[in-house]
Amino acid sequence: MSSTSIPSKFDVAVVGAGPAGSATAYLLAKKGFKVLLVERGRGLGDKQLFGGRVYAQPLREVWPELDKEAPIQRWVTRERVSLVSGDKALTLEFKGGERKSFTALLPQLVAWMQRKAEQAGAIFATEATVDEIMFKDGKAVGIRSGNDVVYADVTVDAEGVNRLLLERAGIVPRLSPDHIALGVKEVLRTGSSQLEAAFGIGSDEGVAWVVVGDVTRGVPGGGFIYTNKDTVSIGVVIHLKHAINAIESGQLNNHVYELVEGFRLHPYFRNLWHGATISEYGGHLTIEGGLSFAPKRLVYPGLLVVGDAAGLLLSTGINYRGVDYAVYSGKLAAEAIEYAASHGGLTYDNLLEYERKVKDSFMYRDLVRHRAVEMLMNDPTMFSKLAEVFIGLFSQMFEQDYSVPTPYEAFTGALTEHNMSLNKLMSYMITAVRGL
Amino acid sequence: MSATVQATNKQSPEPKPMKLEDILQSDVWNVDEEPHIVVDYSKCEKCPTKPCIYLCPAGCYTLAGNRVVFSYEGCVECGTCRVICPMDAITWNYPKSGHGIMYRFT
Amino acid sequence: MRIVVGMKWVPGTQSVRIDPKTGTLIREGVPSIVNPHDLPAVELALRLRDKYGGEVIALSMSPPPAIKGLEYLIGMGVDRAILLTDRVYAGADTLATSYALANAIRKIDAEIGKVDLAVFGQETTDSSTAHIPAQTASWLNWPYVYYVRDAWLTEDGKLRVERILENAIEEWELDMPAIISIAMKSIKPRPVSLLNKIRFKTNPSTLITWTNSYMNLDVRCVGLKGSPTFVAKTVDVPEVPRKKIVYKPKDGEDAARWILKSLLSDEKASRALLKALRGSSGGEGS
Ligand SMILES: Cc1cc2nc3c(=O)[nH]c(=O)nc-3n(C[C@H](O)[C@H](O)[C@H](O)COP(=O)(O)OP(=O)(O)OC[C@H]3O[C@@H](n4cnc5c(N)ncnc54)[C@H](O)[C@@H]3O)c2cc1C
Ligand code: SF4
Ligand code: SF4
Chain U
40 MSSTSIPSKF
50 DVAVVGAGPA
60 GSATAYLLAK
70 KGFKVLLVER
80 GRGLGDKQLF
90 GGRVYAQPLR
100 EVWPELDKEA
110 PIQRWVTRER
120 VSLVSGDKAL
130 TLEFKGGERK
140 SFTALLPQLV
150 AWMQRKAEQA
160 GAIFATEATV
170 DEIMFKDGKA
180 VGIRSGNDVV
190 YADVTVDAEG
200 VNRLLLERAG
210 IVPRLSPDHI
220 ALGVKEVLRT
230 GSSQLEAAFG
240 IGSDEGVAWV
250 VVGDVTRGVP
260 GGGFIYTNKD
270 TVSIGVVIHL
280 KHAINAIESG
290 QLNNHVYELV
300 EGFRLHPYFR
310 NLWHGATISE
320 YGGHLTIEGG
330 LSFAPKRLVY
340 PGLLVVGDAA
350 GLLLSTGINY
360 RGVDYAVYSG
370 KLAAEAIEYA
380 ASHGGLTYDN
390 LLEYERKVKD
400 SFMYRDLVRH
410 RAVEMLMNDP
420 TMFSKLAEVF
430 IGLFSQMFEQ
440 DYSVPTPYEA
450 FTGALTEHNM
460 SLNKLMSYMI
470 TAVRGL
Chain X
10 MSATVQATNK
20 QSPEPKPMKL
30 EDILQSDVWN
40 VDEEPHIVVD
50 YSKCEKCPTK
60 PCIYLCPAGC
70 YTLAGNRVVF
80 SYEGCVECGT
90 CRVICPMDAI
100 TWNYPKSGHG
110 IMYRFT
Chain Z
2 MRIVVGMKWV
12 PGTQSVRIDP
22 KTGTLIREGV
32 PSIVNPHDLP
42 AVELALRLRD
52 KYGGEVIALS
62 MSPPPAIKGL
72 EYLIGMGVDR
82 AILLTDRVYA
92 GADTLATSYA
102 LANAIRKIDA
112 EIGKVDLAVF
122 GQETTDSSTA
132 HIPAQTASWL
142 NWPYVYYVRD
152 AWLTEDGKLR
162 VERILENAIE
172 EWELDMPAII
182 SIAMKSIKPR
192 PVSLLNKIRF
202 KTNPSTLITW
212 TNSYMNLDVR
222 CVGLKGSPTF
232 VAKTVDVPEV
242 PRKKIVYKPK
252 DGEDAARWIL
262 KSLLSDEKAS
272 RALLKALRGS
282 SGGEGS
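Going down the list, the protein sequences come from chains U, X and Z. Add 39 to the 1-based position in the first sequence for the working numbering, that's all there is to it. Add 9 to the 1-based position in the second sequence for the working numbering, that's all there is to it. Add 1 to the 1-based position in the third sequence for the working numbering, that's all there is to it.
Errors might be hidden in some of the hints.
As the list claims (entries may be wrong) - Simulated crosslink set (DSS-like; lysine-lysine; CA at most 30 Å straight-line): (1) 134/U <-> 70/U; (2) 262/Z <-> 28/X; (3) 59/X <-> 424/U; (4) 268/U <-> 59/X; (5) 69/Z <-> 52/Z; (6) 48/U <-> 70/U; (7) 249/Z <-> 226/Z; (8) 73/U <-> 202/Z; (9) 115/Z <-> 48/U; (10) 48/U <-> 69/Z; (11) 335/U <-> 107/U; (12) 69/Z <-> 69/U; (13) 48/U <-> 52/Z; (14) 28/X <-> 127/U; (15) 139/U <-> 70/U; (16) 115/Z <-> 69/Z; (17) 202/Z <-> 178/U; (18) 52/Z <-> 59/X; (19) 249/Z <-> 59/X; (20) 52/X <-> 276/Z; (21) 463/U <-> 424/U; (22) 107/U <-> 69/Z; (23) 59/X <-> 25/X; (24) 70/U <-> 202/Z; (25) 69/Z <-> 268/U; (26) 127/U <-> 107/U; (27) 269/Z <-> 28/X.
Calculated directly from the structure, the hints in this document are not laboratory data. The structure presented is a predicted model; accordingly, all values stated were derived computationally and were not measured.
Excised from the complex, chain U in its bound form (with noise of 0.2 Å):
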């Protein structure tokens, strides 16, 4: 064996083949630039976790043929939005009708993105764990996996939110749970007759639902619904930090699945999935608070940080959009290595041009505009409360025997049954406002 014919020296390597690393990896290929793309997983997707829907168009700036051959599951028609109580549920629904999003199982999609890359010419290199980035004075020039070394002109980091590799280098510091979630899901399959008719919707209808309130016990987060084909895909989301203080202050003695478990057996939701099997269940760490979570710069000698690992996903509370984040970022990352390549070479200053990108996209404006609602988010009783003060104006102003309350009598109700003063509820409102 002579492993002198191994090429050992690529234009681009990037790490971690999800939705960033797949589409820098793709596009790049695709202009003609030696690529590596490395994943640790075996099967295609293998690794990858989220919550079920993506927003197309972003996507479809990458991948033209989108629509016709994605393993899209359903088109999403409907929004709902659930705020909890106990028992009790307010649901409201939005029915829209364009492409705007889909439903999808994630190692499906990523599955599909890889293949893209490497029909498009990179070398996707699985089964491969990067341990390190490897620098030289001061710049990347490479990685390495185990005893391996593959060296290359610009790396792209696109590992995902857990960045081992990013702190190795000591880029970023250790996760810390400030702003970082937890989610666990499962997909339900139930059959595509039985889903249509319990959710209410046509064959060529797709149903997005997010859940707010005492789903996790209190603790900030949310559930969220998505129907797929033939499987619905559930599941809770939770702050880290604030389950952290809700341990130590006793008020979460549950097993997170517990969660998971409680929302599927929800009284108020459990007929969408009755007599499902479980096909799978998992967990995935994601962002709370993207700006604060991105590493100082996303450009540095020789290395480019996209999607998770750079902080770029919007989490509204009632949005999520990180699987076109990541893909845009991926965009972004290569079109500005395209550019550096013909202004004189991948030099650092050439190379800025991706963190100008992302500065002008609708990515990095969202993020800024979003801000105060993750602030907002991060105050553990938003969500909560929110959701028992609405619960209790809609169970004043429906659940009576004789006497029918006036608007303003149910709303003043539903305040002083949950302590809550009007200026606070003013307050949670307008932070809202402001952050939409």
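Given chain U, put chains X and Z with the ligands in place with the hints provided.
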């Protein structure tokens, strides 16, 4: 490869809670022979709240009496324990050579 | 040395479901893996190559998805891999499989170069017959030793192997070409290496596919037709969930007390215990 949420028996429409170990039966791993996570139990003894017991989604941390026992086989590689451990007791890495959890649907 | 190492692509979990009607495995939805007992065999083959030079060729008779498994072995450092695949090979029992493998080894010998050694895992996790290496050795008429955990060459060019038995360790000397199978878990396999994965992806000649139009085997001897064994009946034994309890006893007596207490608190266990006690005291003696 699936766990039933509830008996389809029409007589008992009340769905029943399940054990985490049964729910985990729906997952597939290719378990490495060597653990990718190592816990320094001497630090656990001094850990006041032991949040890993509650927050590891795969239930890899269990209590035997008041001692913590860790088993890596069912780990879903989320990284939660690494983030929440207040004692810095965990040496955390990804499994080698593509081992570990293999998600198909999530 | 030229070493051939066998690989079987097996379902990736312990809980393989068996179709009660046809007696065959249901593989739907369960990703497959390299038979774990093959990995020590691969490791030993690689160590021999690293020490004495030559090449290691992985060989598998499987449908094309097994390429993933061969890719894994190439990732570990195997030089190239041969996939024997053809519709007529489907449904083979160990006899038909070993017939095809033996002929493939002959073919490697004739077309690629002299084969000195074939190495197999002790058995497979999905059928556990342990027939394949022995049957392959019979077809080839090569010497065969099993439960091997180490091997090296002697000065006069013979193969020396160390065999691990329950209560003994033996050394054997074999003329080559020979076949050995490696004791389960006796050698720790190396991890996949990034450069070897890149080699697999950039060098198409690392993977060779042989179909029957190339192998030219008598179709009556391969696949279902060449398989005299059939599964008469399978009994699905449900997995018993076991609970791990760690108890730290003060002393021997405390330990005995605790075990007795735990056993007696379980109705089934206490009945079995009583029965056993009665039996040993010479009561009924069943
Ligand atoms: C519970 C939950 C719900 C979510 N819901 C949604 C949703 O509904 N919609 C949405 O758009 N987003 C959602 N997200 C967010 C979304 O999943 C992420 O934003 C997105 O996956 C980020 O993509 P990425 O490519 O940056 O990182 P990842 O998808 O995390 O990919 C990183 C890849 O790198 C690999 N890797 C890591 N380290 C190494 C290494 N050292 N060597 C080799 N490989 C390595 C990993 O195996 C992985 O494949 C959710 C996330 C969670 C946790
Ligand atoms: S949180 Fe850390 S120190 Fe505490 S019990 Fe768990 S592993 Fe041990
Ligand atoms: S990484 Fe996640 S699943 Fe694995 S042990 Fe830690 S908390 Fe549990």
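Consistency of the hints with the structure:
1. Proposed proximity of residue 134/U and residue 70/U is contradicted: the alpha carbons are some 40 Å apart, above 30 Å.
2. This hinted pair checks out: residue 262/Z and residue 28/X have alpha carbons roughly 25 Å apart, not beyond 30 Å.
3. Simply put, residue 59/X and residue 424/U have alpha-carbon atoms about 28 Å apart, close enough for the 30 Å limit, and the pair holds.
4. Of the supplied pair hints, the one linking residue 268/U and residue 59/X is violated, its CA atoms being roughly 40 Å apart against a limit of 30 Å.
5. Proximity of residue 69/Z to residue 52/Z is assessed by CA-CA distance (about 27 Å); at most 30 Å being required, the pair is judged to hold.
6. Only pairs whose Cα atoms come within 30 Å are accepted, and residue 48/U paired with residue 70/U is accepted, the gap being roughly 18 Å.
7. For the hint linking residue 249/Z to residue 226/Z, the alpha-carbon distance of about 58 Å lies beyond 30 Å, and the restraint is violated.
8. A distance of roughly 13 Å separates the Cα atoms of residue 73/U and residue 202/Z; the hinted pair therefore holds under the 30 Å criterion.
9. Between residue 115/Z and residue 48/U the alpha-carbon distance is near 35 Å, which puts this suggested pair outside the 30 Å criterion.
10. Between the alpha carbons of residue 48/U and residue 69/Z the distance comes to roughly 25 Å, so the proposed pair stays at or under 30 Å and holds.
11. Proposed proximity of residue 335/U and residue 107/U is contradicted: the alpha carbons are some 39 Å apart, above 30 Å.
12. For the hint pairing residue 69/Z with residue 69/U, the CA-to-CA distance comes to about 25 Å; that is within 30 Å, so the pair holds.
13. With a C-alpha separation of about 28 Å, the suggested pairing of residue 48/U with residue 52/Z holds against the 30 Å cut-off.
14. Between residue 28/X and residue 127/U the alpha-carbon distance is near 26 Å, which keeps this suggested pair within the 30 Å criterion.
15. Straight-line distance between C-alpha atoms of residue 139/U and residue 70/U comes to about 28 Å, which keeps the hinted pair within the 30 Å bound.
16. Note on residue 115/Z and residue 69/Z: the hinted pairing holds, with a Cα-Cα distance of about 27 Å set against a maximum of 30 Å.
17. Of the supplied pair hints, the one linking residue 202/Z and residue 178/U holds, its CA atoms being roughly 28 Å apart against a limit of 30 Å.
18. A hinted pair counts as satisfied when its Cα atoms are at most 30 Å apart, and residue 52/Z with residue 59/X does not qualify at roughly 49 Å.
19. For the given pair, residue 249/Z sits about 20 Å from residue 59/X by alpha-carbon distance, which is consistent with the 30 Å threshold.
20. Proposed proximity of residue 52/X and residue 276/Z is contradicted: the alpha carbons are some 45 Å apart, above 30 Å.
21. Note on residue 463/U and residue 424/U: the hinted pairing holds, with a Cα-Cα distance of about 10 Å set against a maximum of 30 Å.
22. Our distance criterion of 30 Å between C-alpha atoms is met by residue 107/U and residue 69/Z, whose separation comes to about 28 Å.
23. Between the alpha carbons of residue 59/X and residue 25/X the distance comes to roughly 28 Å, so the proposed pair stays at or under 30 Å and holds.
24. With a C-alpha separation of about 19 Å, the suggested pair residue 70/U and residue 202/Z falls inside the 30 Å cut-off, and the hint holds.
25. Restraint check for residue 69/Z and residue 268/U: satisfied, since their Cα atoms lie roughly 28 Å apart, inside the 30 Å limit.
26. Taken as a hint, the residue 127/U and residue 107/U pair is broken in the structure, with Cα atoms around 41 Å apart against an allowance of 30 Å.
27. About 22 Å separates the Cα atoms of residue 269/Z and residue 28/X, which keeps this hinted pair within 30 Å; it holds.
The structure fails to meet hints 1, 4, 7, 9, 11, 18, 20, 26 from the earlier list, while all remaining hints are met.
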